[in-house]
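For reference, the chains in residue letters:
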Amino acid sequence: MTNAIAAAPPLPVVRGKRLQLIESLAGVGFAFPAFLLLLLINLVPLVVLVYLSFTDYELGAVDIGFLGLDNFRKALADPVFRRSLANTFVYVAIVLPGAVGLGLLIAVLLHRRKRTRSFYEVVYFLPVTSTLIAMATVWQFILHPRLGPVNGVLRGLGLPEIAFLTEPAYVLPTLAAIGIWQLVGFNMVLFLAGLSAIPRDLYEAAEIDGCQRGIDRFLTITWPLLGPTTMFVIVTTSITAIKVFDTVAVLTRGGPMGRSEVLLYAIYLEGYQYFHMGYAAALTLIFLAFVLLFSIFQYFFLERRVHY
Amino acid sequence: MTPTAASRPAAGPITPLRALVRRAATLLVVHAFLIAGAVFILLPFVWMLITSIKSPSEIFDVDFSLWPKQFNAVENYGTALNSVPLLRFALNGVIVCVGILVVQLLVAIPCAYALAKLRFPGRGTMLALVLMGLCIPIQVPALPLYMGLAKLGLLNTYFAIMMPFFLSVFAIFLFRQFFKSYPDEIIHAARLDGMSEFEIVWRIVVPSAWPAIAAFSVFSIVAHWNDLYWPLIVVSDTNLATPPLGMMFFASAETGANYGALTAAATVITAPLVIAFLVARRRFIEGITMTGIK
Chain A
-17 MTNAIAAAPP
-7 LPVVRGKRLQ
3 LIESLAGVGF
13 AFPAFLLLLL
23 INLVPLVVLV
33 YLSFTDYELG
43 AVDIGFLGLD
53 NFRKALADPV
63 FRRSLANTFV
73 YVAIVLPGAV
83 GLGLLIAVLL
93 HRRKRTRSFY
103 EVVYFLPVTS
113 TLIAMATVWQ
123 FILHPRLGPV
133 NGVLRGLGLP
143 EIAFLTEPAY
153 VLPTLAAIGI
163 WQLVGFNMVL
173 FLAGLSAIPR
183 DLYEAAEIDG
193 CQRGIDRFLT
203 ITWPLLGPTT
213 MFVIVTTSIT
223 AIKVFDTVAV
233 LTRGGPMGRS
243 EVLLYAIYLE
253 GYQYFHMGYA
263 AALTLIFLAF
273 VLLFSIFQYF
283 FLERRVHY
Chain B
1245 MTPTAASRPA
1255 AGPITPLRAL
1265 VRRAATLLVV
1275 HAFLIAGAVF
1285 ILLPFVWMLI
1295 TSIKSPSEIF
1305 DVDFSLWPKQ
1315 FNAVENYGTA
1325 LNSVPLLRFA
1335 LNGVIVCVGI
1345 LVVQLLVAIP
1355 CAYALAKLRF
1365 PGRGTMLALV
1375 LMGLCIPIQV
1385 PALPLYMGLA
1395 KLGLLNTYFA
1405 IMMPFFLSVF
1415 AIFLFRQFFK
1425 SYPDEIIHAA
1435 RLDGMSEFEI
1445 VWRIVVPSAW
1455 PAIAAFSVFS
1465 IVAHWNDLYW
1475 PLIVVSDTNL
1485 ATPPLGMMFF
1495 ASAETGANYG
1505 ALTAAATVIT
1515 APLVIAFLVA
1525 RRRFIEGITM
1535 TGIK
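Listed in order, the protein sequences are those of chains A and B.
Following my numbering, the residues of the first sequence are numbered contiguously, the last one being 290.
Following my numbering, the residues of the second sequence are numbered contiguously, the last one being 1538.
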C-alpha cells in the first residue's frame, strides 16, 4: 500500500487528505455489513450463551434464576454428560489415527502412480462430497444383522452374526469406521498436496547417499518434510471428529444403553428437545473449550510454520 | 516403488531381473492395498444403487445376490418420490444453498477487499474478530440464535435456515489472502481514472479472483447441502426440509421397512453433488480442501 502511494505521482496535500478520507469511508462502508452480521450471528449470541450458562433458564419459563457455576458443576457430575464426553474421546481416539494414518498411507502410495492416480483419487474422495445422512442410512442397511452383506459374508465364513449398531461394545467402533470412511479421502488430498511440495531431487540425492529402500526414504525425507501437513491434518481431523453428530442422530440416537451418546448429541437433546437452555449453554461452552484447545494448537503451529 | 530402480544399471547384488521382480511385487502389494481400500469406500455406493433397483422379496432374501434377478427400479423410485416430497427437498436444498452463497459473497467480498487494500479505522479490530470467528463452530451460537428466531416467530422459514451462514468469516479470510496479492498499481491507476472503490471491487478485483470465488462456492454449497445440525433445529415442517433432514424424516417414517425406496431416496439426494463432483473434479477437490489451507 505505502509503496504504491510512494511510487505514484505526488498529489497536492489537500487532495491527498481528501483521498484518504474517501478510502477510510469506503473501508468502513465495505466492512460494516460484515461487522453487523458478525455482531448478530457470533458476538451477541456468544455473550448471551455465557450469560445463559449461569442461569436455570428453560424455554418458555417466566423468570430466570442465577445459578453461578452450578450448571458446570452439574455437568461434571452428570453421568449422561460424562458418558458423552468419554464416548466422544473414544470416537476421536479411533478416528484420528485411522483417518490420518490411512490418509497418509494412501497418499504416499498414490503419489508416484501416474495412470491410476486420478481414478483412485476420485474413488477415495467420493464420500467427502456425498450426503452423510443418506450414506449413513445405506451403512445401516449394509451392517444389518440379517439383511446386510457384511453379516452375509460373516455367515458364509461360518462366523457368528454381529449386530454392529445395537451391540453396546461395537457401536462406537462402527460409527468411527463410518467416520474414517468419510474423512480418509479429504486427508489424502491434503497429504498429496504436501507431498507434491517436496522437491524431487531430494529423493535422488538420498538414493545416491544410500537410501535405497522405500521405507528409508519415507523416514529420512517424506516424514520430516511432511511434518507441518501432518500436524495440520491432525488438528482438522480432531475438530471434525469431536463434532460427530449426523451418524449418531440418524443411526443410534445415543443408544444402545447410552454407548454412543456424544457431546453434540447431548447438547442437542438438552437444548432443543428438553429445552434446558441454561444447562445446554454450559455444555456448549465446554464443547467450545475443547474446540478452542485444538484451534489454539493449530494457531501456534501455524505461527511456527511461518518461520519454518 | 521407484521408477528409476529398473532403468538404472544394477549395482552390486541387485541384478536387473531381481530388481524387476521386486518392482513387480511392490506394485502388486500397492495395488492390492489401494483396491481393497477402494472396495471399502465404494461398498455403500454400489450397495445403494443395487438395492434401489431390487424388489423387496430379494432385499429380504438372506441368500443375497449382488445383481438383482428382477428389476424393481420404477416402483422403488416411485415410492421414494411419492411418499415424501423428495424433489421438494432437493429444491429446498437449492434455494438454501444459493441464498446462503449469494449473501456470503455480497458481504464477504467488499469486507475482504477493505481488509486487504484499504486503510480505515477499526481495521485491526475487524481482522481480529474475523480470525476469532474462524474458531467458533455453528453449534456454539446455535442456542441463542434459535431462541431469538423462536421469539421472533421465524422458525420454520427459509430465512431461519440460512441466517446463521450469511456471514462466512472463512470467505473473508480466504478472499483477503487472495486480494492481498492483487497489484496495488492497478487499483491506484483505476482510482486516478476516477473509478469509485465500489467499481474497483466489483469490476476489477472480483473478476481476477474468479478461481478463489469458484472454489469457495463449491465449499459452501457442499457444506450447506449436507448440513443436518442447524436445519434439524429450526425446521419441523416437512415442506421446508433440506435434503439431509428430508432423508431423516423419510428414514424414521419408513423405519427400515422399505429399503428399496430408502436407498432410492438416498440415491436421489446424493446424486446432484456426486455428479457435479465427477464433472468438475479438480474444482471440487480444490474447493472442499480449501478449509485445509486456512
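None of these hints come from the bench; they were simulated from the model.
C-beta: ideal position from N, C-alpha, C; glycine also.
Hints may be right or wrong, so weigh each one.
Derived coverage of chain B by chain A (criterion: at least 3 residues anywhere in the stretch with Cβ under 8 Å from a Cβ of chain A; other residues may be distant) [said to hold, decoys possible]:
1. 1340 to 1346
2. 1381 to 1393
Stretch-level coverage of chain A by chain B, calculated; a stretch enters the list once three of its residues show a Cβ under 8 Å from a Cβ in chain B [as the list claims (entries may be wrong)]:
3. 30 to 43
4. 52 to 63
5. 69 to 78
6. 97 to 109
7. 118 to 125
8. 139 to 146
9. 171 to 181
Short derived list, chain A residues pointing at chain B, Cβ under 10 Å [stated by the list, open to error]:
10. L1
11. V10
12. A13
13. V132
Given as covered by chain A, does the stretch 1381 to 1393 of chain B meet the bar of three residues or more with CB within less than 8 Å? holds (count 11)
Quick check on A:V10 please, does its C-beta sit within 10 Å of some C-beta on chain B? With a minimum Cβ separation of about 5 Å from chain B (threshold 10 Å), the hint on A:V10 holds.
Assertion that chain B covers the stretch 69 to 78 of chain A - criterion: three or more residues, beta-carbon distance below 8 Å: violated (count 0)
Going by Cβ atoms only, is A:A13 closer than 10 Å to chain B? Cβ of A:A13 sits 5 Å from chain B, so the hint holds.
Go check the stretch 171 to 181 of chain A versus chain B for me, would you? Three or more residues, Cβ under 8 Å, otherwise it fails. holds (count 3)
Taking beta carbons only, do three or more residues of the stretch 118 to 125 of chain A come closer than 8 Å to chain B? holds (count 6)
Would you check chain B against the stretch 52 to 63 of chain A, counting CB to CB pairs closer than 8 Å, and say if three or more residues qualify? It is violated, with 0 qualifying residues against the three required.
Outcome, coverage hint (the stretch 1340 to 1346 of chain B, chain A; C-beta under 8 Å; three residues): Not satisfied, violated; 0 residues make the cut.
Please verify that hint: A:L1, Cβ, nearest Cβ of chain B, below 10 Å or not. 7 Å, holds
Check, residue by residue, whether the stretch 97 to 109 of chain A contains three or more positions whose beta-carbon lies closer than 8 Å to a beta-carbon of chain B, and give the verdict. Holds, because 10 residues of the stretch 97 to 109 of chain A bring their Cβ atoms closer than 8 Å to Cβ atoms of chain B.
Taking 8 Å as the Cβ threshold, is the statement that the stretch 139 to 146 of chain A is covered by chain B upheld or broken by the three-residue rule? It is violated, with 0 qualifying residues against the three required.
Take the stretch 30 to 43 of chain A, compare each residue's beta carbon with every beta carbon of chain B, and decide whether three or more fall closer than 8 Å. Holds: 4 residues of the stretch 30 to 43 of chain A have a Cβ under 8 Å from chain B.
Of the hints listed earlier, those the structure fails to meet are numbers 1, 4, 5, 8, in rising order.
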